[in-house]
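A.B. asks: Listed below are the residues making up each chain.
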Amino acid sequence: MVMALNKRVFRFLKENKLRYLGILALIILGSYIFVVAAGLSQNLANLVTTFTKEHVQEDLSFNADKAVLDSAKIEKEAGAVIEDYMSFDAALSDTLTLRILSETKKVNIPAVTEGRALSGPGEILLDPAFAKANGYPVGSQIEAAGKTLTVAGFVSLPHYIYPLKNVNDILYSPNEFGVAIINREEFSDIDNAAGIYSVRFNDRTKSLNKQAVELRESLRAEGITVSDWIDISDNKRARMVWASITGMKTMSVPLPAAMFLLSCLIIGIMFWRMIRRESVIIGTLYAQGYRRRELMRHYMAVPLLLAFAGGMIGSLLGLPSIKPMVMAMISYYNVPVPGIELSFLNVLIGILTPTLFLGLSSYLVIRSELKRSPAELMKGDKQKTKVNALERAFKLERLKFSTKFKLREQFRSISRLVFLLLGVTSASVIMLFGFTVLNSMNHAFSASDVYRFEYEYAFRDLQLGEAPEGAEAFNAGKFYSENNEEIEFYISGIEPDSTLVILKDGKGNPIPNNQTNITRSLANRLGIKAGDTVSFINKENGKPYTFHIDAVADSYVEQFIYVPIHEFNREMGLPENGYMGLFSTTKLDIPDEELSGTKSVSELPGAMDEFFGQMVSMVALMTIVSSIVALIILYLVTSLIIEENRNTISLFKVFGYRRREIKSMMLNSSTFVIVAGFLIGIPVAAASMGAVYGYIGNMINLVLPAIVSPLYVVISFAAIMLTYQLSKLLCAKSLETVSMGEALKAGAE
Amino acid sequence: MFIDVSALKKTYTTGVIKNEVLKGLEMKLGKGEIGVILGPSGSGKSTLMNIIGGVDRCDSGRVIVDGTEINKLSDDQLTEYRRKDIGFVFQFYNLVPNLTVGENIEVVSNISKSPLNVDEVLRAVEMQDKKRRFPRELSGGEQQRVSIARAIDKNPKLLLCDEPTGALDYQTSRSILNLLQRVNKEFGTTILMITHNAAIAAMANRVFRLRSGEVVDEVVNQVIAPAERIEW
Chain A
0 MVMALNKRVF RFLKENKLRY LGILALIILG SYIFVVAAGL SQNLANLVTT FTKEHVQEDL
60 SFNADKAVLD SAKIEKEAGA VIEDYMSFDA ALSDTLTLRI LSETKKVNIP AVTEGRALSG
120 PGEILLDPAF AKANGYPVGS QIEAAGKTLT VAGFVSLPHY IYPLKNVNDI LYSPNEFGVA
180 IINREEFSDI DNAAGIYSVR FNDRTKSLNK QAVELRESLR AEGITVSDWI DISDNKRARM
240 VWASITGMKT MSVPLPAAMF LLSCLIIGIM FWRMIRRESV IIGTLYAQGY RRRELMRHYM
300 AVPLLLAFAG GMIGSLLGLP SIKPMVMAMI SYYNVPVPGI ELSFLNVLIG ILTPTLFLGL
360 SSYLVIRSEL KRSPAELMKG DKQKTKVNAL ERAFKLERLK FSTKFKLREQ FRSISRLVFL
420 LLGVTSASVI MLFGFTVLNS MNHAFSASDV YRFEYEYAFR DLQLGEAPEG AEAFNAGKFY
480 SENNEEIEFY ISGIEPDSTL VILKDGKGNP IPNNQTNITR SLANRLGIKA GDTVSFINKE
540 NGKPYTFHID AVADSYVEQF IYVPIHEFNR EMGLPENGYM GLFSTTKLDI PDEELSGTKS
600 VSELPGAMDE FFGQMVSMVA LMTIVSSIVA LIILYLVTSL IIEENRNTIS LFKVFGYRRR
660 EIKSMMLNSS TFVIVAGFLI GIPVAAASMG AVYGYIGNMI NLVLPAIVSP LYVVISFAAI
720 MLTYQLSKLL CAKSLETVSM GEALKAGAE
Chain B
0 MFIDVSALKK TYTTGVIKNE VLKGLEMKLG KGEIGVILGP SGSGKSTLMN IIGGVDRCDS
60 GRVIVDGTEI NKLSDDQLTE YRRKDIGFVF QFYNLVPNLT VGENIEVVSN ISKSPLNVDE
120 VLRAVEMQDK KRRFPRELSG GEQQRVSIAR AIDKNPKLLL CDEPTGALDY QTSRSILNLL
180 QRVNKEFGTT ILMITHNAAI AAMANRVFRL RSGEVVDEVV NQVIAPAERI EW
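Residue numbers (numbering that gives the first Met the number 0), protein chains in the order written: chain A, 0 to 748; chain B, 0 to 231.
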């Protein structure tokens, strides 16, 4: 008997193919995103953690004015491993630089990812992205630093996971820069190579900042002056990859959860309605002796089948996608990939979560209906006797009839309304999310027009006197907040009448440089505002300094507090005319040995184009995904509306309503909910983006503004409305199939 | 004659089975009259009414309503015909569940050129105090009153009632019939009513008895009984 009943399960599915396919697609998408995002973040995190641990990533690096002779003593005092290496920037062309480093054995140990390790002089290991971009396969030869070197293989370096030329850069382009490893002996005939010390502390539980201050003191005691002190936490070459991992992690839960929740809602709504329609059959089966659990099993079959199939398909599709996606993500970074781990626990979660969610929601709905007595059920689909709060609340007398009808149609079912609203909001948020990232990046980089200089020079030693013609002097020191060691930033002394650093307020008005200004990104992270007096610890000497903040500048790229240079020098106990760097509009003739680094602003655009190219593809993908989600949701709701209104549609036909009038009233009734859902999506996208940026900001020391551009809002809105039109087209046909006979034969209400 | 039906034929085909529902039916009804169609299930009552109401088409024959030969109208013209001239009252009321009483009447007034005032119509059916109620908050009799109010709001030339008291108890049925008779008198609306209840024939000007798709008996009542006196 039960077997015969089970034949209906597939007939249910067949009767409403498109609708169930829509639900299936939502579940598939949810499971797929979960398995892929979780797999991606877990694999990336594993790869990076294993690599940095096994290959001993440095905790900090520095330059010293003289060789650290008794490094064993200092290593013991500081509880650290210290190893020095050589670095030389070889210009391969006007636009292409290869940074050649000497091979290390204790810290930042190179990992050969292809080819073989160095076996002697005349060989080089290249960063693979650089080699690929510039055509240097294994076995080929490269001319650099006056030598002809054979490419022995490709290499990953723990302190150059994201091979940025300068530590403060954001974007990397293998067409312009790369790193390489050669034997240390090869440096004997390379002039002007810099020596750099890498340090890794042995005690991983103690504050690294405190250990660093102690190391500085030990070095000072040895009479060694250090410069270019870079903590790993400030080193974007090492930290940038964590932004991607964190981004993936944050996406792996809320997105699939939203999909599953939407599926639960719609399945719940559909089953509740189906069971109501089936009440006579259920009552009859009850009367014939069927048990409640047999009927429960029968009606649970469809949601469980959908959830299980969707979860299974989504998870199984997700598994093979992990490897190519990890490889695609890792291609931005240089990390060895010994293998990709596929988590079967994630697959299990991907299958069981929708099954559990949907099973539970359907169970509750079906149970509430099966509680009624057979006699009550057999009376047929009893009218809903309650008028819901929304229907009651709105007084619509003054509105046009068609408007009233559309509003009533939406208010009729709060669960359906919630589903539509949530669905459109989620789709809009995903879409706006992508566009907001694009816009934020755009804004962040265009906002960097605060810097009017072309070159930035950093000296090894303190300079005294006036800055050369066309240049402005600056000084900078690294500080951190007393309560939050994680947030580190520069306080920079600049000339009070600077024309090369133009800070602006939120309205675009210039802010004077003869006062203390903070960039918006840093102010947001530290939670300070204009007028606050704040105290920060200098990283170099561990002493606190107090600053009164006069204004917040609308700059997002870098995290700075700017003070007039003479005040900075006075506070730090430096000579009044001392400076460590120069901003300049023209190239200055400064001997390389005096410099610890130079930065050219014009190096940015090439990398930016590449970066924005990738961004646009990502945004396009997000727009497509959200359009599909929106289409499924809108189709499901519109087809539900038609299904529930068959009698009304038929009645309208009998009364002489024209085809387009019926179409407009039925299919357009969701318009205002869609507009509302979209409008709600704007602040939600901005807020969630702000939260994600805050999170990522801590990882890479870069805070981006969550700005939703009106242009992108219009584009997103157009995409959502287009999807809506498409869903209406899909449903219009079923409107035509409703005959007048349905109203003429109707049983009730 | 307001309604002039002659040689009306209609056959429904289901697979290989042909069911001849109307077999050359003839009937006439004057303007402002009440006509009652009596007959057992399957006699063709509903099919006849659907064809006169413009929701179905005949295979052959002629149907003239107020001078318009509706069997010659196109689909769009039939829509306009129903829109302007016909009011429907159904056995199970067919109110739109998520619209209030007032809004249910607006369903029709919304597409009428010169509808009657909604409040006036509600007063006529004694439902003015329930204008903001939803159908599910009304009794069956009240729902049928709203259904009649909706049908007469556009001041139709012809009111078609399919078993208007079929789902109601005795007292409520009498009040509904009384209401229909009042509508007929006050608005001069021609009414054609299908019923199983032979007692209702007493309130009609003409009574048509149908059997197997033909009018087997037509009675013209010389004395019209007031609805409140009808008993069964």
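Some hints here could point you the wrong way.
In silico SDA-like cross-links for lysine to any residue, where the CA-CA straight-line distance does not exceed 20 Å [what the hints assert, rightly or not]:
{"hint": "1", "chain 1": "A", "residue 1": "K13", "chain 2": "A", "residue 2": "F400"}
{"hint": "2", "chain 1": "A", "residue 1": "K744", "chain 2": "B", "residue 2": "K129"}
{"hint": "3", "chain 1": "A", "residue 1": "K65", "chain 2": "A", "residue 2": "I223"}
{"hint": "4", "chain 1": "A", "residue 1": "K662", "chain 2": "B", "residue 2": "K156"}
{"hint": "5", "chain 1": "A", "residue 1": "K394", "chain 2": "B", "residue 2": "K129"}
{"hint": "6", "chain 1": "B", "residue 1": "K71", "chain 2": "B", "residue 2": "P96"}
{"hint": "7", "chain 1": "B", "residue 1": "K156", "chain 2": "B", "residue 2": "G29"}
{"hint": "8", "chain 1": "A", "residue 1": "K399", "chain 2": "B", "residue 2": "S111"}
{"hint": "9", "chain 1": "A", "residue 1": "K598", "chain 2": "A", "residue 2": "T585"}
{"hint": "10", "chain 1": "A", "residue 1": "K394", "chain 2": "B", "residue 2": "D118"}
{"hint": "11", "chain 1": "B", "residue 1": "K129", "chain 2": "B", "residue 2": "P96"}
{"hint": "12", "chain 1": "A", "residue 1": "K403", "chain 2": "B", "residue 2": "K156"}
{"hint": "13", "chain 1": "A", "residue 1": "K744", "chain 2": "B", "residue 2": "K156"}
{"hint": "14", "chain 1": "A", "residue 1": "K477", "chain 2": "A", "residue 2": "P574"}
{"hint": "15", "chain 1": "A", "residue 1": "K662", "chain 2": "B", "residue 2": "P114"}
{"hint": "16", "chain 1": "A", "residue 1": "K399", "chain 2": "B", "residue 2": "L77"}
{"hint": "17", "chain 1": "B", "residue 1": "K71", "chain 2": "B", "residue 2": "L115"}
{"hint": "18", "chain 1": "B", "residue 1": "K130", "chain 2": "A", "residue 2": "A717"}
{"hint": "19", "chain 1": "A", "residue 1": "K744", "chain 2": "B", "residue 2": "L115"}
{"hint": "20", "chain 1": "B", "residue 1": "K83", "chain 2": "A", "residue 2": "M273"}
{"hint": "21", "chain 1": "B", "residue 1": "K112", "chain 2": "A", "residue 2": "R657"}
{"hint": "22", "chain 1": "A", "residue 1": "K16", "chain 2": "A", "residue 2": "I223"}
{"hint": "23", "chain 1": "A", "residue 1": "K744", "chain 2": "B", "residue 2": "S111"}
Partial selection, computed: residues in chain B whose CB lies under 7 Å from chain A [unchecked claim]:
{"hint": "24", "residue": "V54"}
{"hint": "25", "residue": "Q76"}
{"hint": "26", "residue": "T78"}
{"hint": "27", "residue": "R81"}
{"hint": "28", "residue": "F87"}
{"hint": "29", "residue": "E102"}
{"hint": "30", "residue": "K112"}
{"hint": "31", "residue": "L115"}
{"hint": "32", "residue": "N116"}
{"hint": "33", "residue": "F133"}
{"hint": "34", "residue": "L137"}
{"hint": "35", "residue": "Q180"}
To be clear, the hints were calculated from the coordinates, so they are not data collected in a lab.
Quick caveat, the model's predicted, so the values are computed rather than measured.
Positions of the beta carbon are idealized from the N, C-alpha and C atoms, including for glycine.
A.B. asks: Take the hints in turn and mark each one as holding or not.
C.D. replies: Comparing the hints with the structure gives:
As the CA atoms of K13 of chain A and F400 of chain A are separated by approximately 37 Å, the hinted pair breaks the 20 Å bound. Pair hint K744 of chain A plus K129 of chain B does not hold up; C-alpha atoms about 27 Å apart against a cutoff of 20 Å. Between K65 of chain A and I223 of chain A the alpha-carbon distance is near 6 Å, which keeps this suggested pair within the 20 Å criterion. A C-alpha spacing of about 27 Å is found between K662 of chain A and K156 of chain B, which places the hinted pair above 20 Å, so the restraint is violated.
Simply put, K394 of chain A and K129 of chain B have alpha-carbon atoms about 15 Å apart, close enough for the 20 Å limit, and the pair holds. With a C-alpha separation of about 35 Å, the suggested pairing of K71 of chain B with P96 of chain B is violated against the 20 Å cut-off. With a C-alpha separation of about 12 Å, the suggested pairing of K156 of chain B with G29 of chain B holds against the 20 Å cut-off. For the proposed pair K399 of chain A and S111 of chain B, the alpha carbon gap of about 14 Å is at most 20 Å, so the pair holds.
A distance of roughly 12 Å separates the Cα atoms of K598 of chain A and T585 of chain A; the hinted pair therefore holds under the 20 Å criterion. Restraint check for K394 of chain A and D118 of chain B: satisfied, since their Cα atoms lie roughly 17 Å apart, inside the 20 Å limit. For the proposed pair K129 of chain B and P96 of chain B, the alpha carbon gap of about 15 Å is at most 20 Å, so the pair holds. Proximity of K403 of chain A to K156 of chain B is assessed by CA-CA distance (about 28 Å); at most 20 Å being required, the pair is judged violated.
Proposed proximity of K744 of chain A and K156 of chain B is contradicted: the alpha carbons are some 23 Å apart, above 20 Å. With a C-alpha separation of about 18 Å, the suggested pairing of K477 of chain A with P574 of chain A holds against the 20 Å cut-off. In summary, the hint linking K662 of chain A to P114 of chain B is not supported, as the alpha carbons are separated by about 23 Å, beyond the 20 Å threshold. Pair hint K399 of chain A plus L77 of chain B does not hold up; C-alpha atoms about 26 Å apart against a cutoff of 20 Å.
Restraint check for K71 of chain B and L115 of chain B: not satisfied, since their Cα atoms lie roughly 30 Å apart, outside the 20 Å limit. The suggested pairing of K130 of chain B with A717 of chain A is violated, with an alpha-carbon distance near 40 Å, which exceeds 20 Å. Taken as a hint, the K744 of chain A and L115 of chain B pair is broken in the structure, with Cα atoms around 28 Å apart against an allowance of 20 Å. For the hint linking K83 of chain B to M273 of chain A, the alpha-carbon distance of about 37 Å lies beyond 20 Å, and the restraint is violated.
The straight-line distance between the Cα atoms of K112 of chain B and R657 of chain A is roughly 14 Å, inside the 20 Å bound, and the hint therefore holds. With a CA separation close to 77 Å, the supplied pair K16 of chain A and I223 of chain A exceeds the 20 Å bound. For the proposed pair K744 of chain A and S111 of chain B, the alpha carbon gap of about 25 Å is over 20 Å, so the pair is violated. Contact between V54 of chain B and chain A, as hinted, is supported at the beta carbon level, the nearest pair being about 5 Å apart and thus within 7 Å.
With 7 Å as the threshold, the beta carbon of Q76 of chain B stays out of range of chain A, its nearest partner Cβ sitting at about 11 Å, so the hint is violated. Hint status for T78 of chain B relative to chain A: holds, with the closest Cβ pair at about 5 Å, below 7 Å. Using the Cβ-Cβ criterion of 7 Å, the hint placing R81 of chain B at the interface with chain A is satisfied: the shortest such distance is roughly 4 Å. For F87 of chain B, the interface hint holds, the least distance from its beta-carbon to any beta-carbon of chain A being 6 Å, beneath 7 Å.
Nearest Cβ of chain A to the Cβ of E102 of chain B: about 6 Å, under the 7 Å cut. The hint holds. The interface hint given for K112 of chain B is violated, since its Cβ lies 12 Å from the closest Cβ of chain A, which is over the 7 Å cut-off. Given hint, L115 of chain B at the interface with chain A, is violated; its Cβ is 15 Å from that chain's nearest Cβ, farther than 7 Å. Taking 7 Å as the C-beta cut-off, the interface hint given for N116 of chain B is violated, the closest approach to chain A being about 14 Å.
For the restraint placing F133 of chain B at the interface with chain A, the shortest Cβ-Cβ distance is roughly 5 Å, inside the 7 Å limit, so the hint holds. For L137 of chain B, the shortest C-beta to C-beta distance to chain A is roughly 10 Å, which exceeds 7 Å, and the interface hint is violated. Annotation: Q180 of chain B was flagged as interfacial toward chain A, and the flag is violated, the nearest CB pair being 24 Å apart, outside 7 Å.
Against the hints set out earlier in the document, violations occur for numbers 1, 2, 4, 6, 12, 13, 15, 16, 17, 18, 19, 20, 22, 23, 25, 30, 31, 32, 34 and 35.
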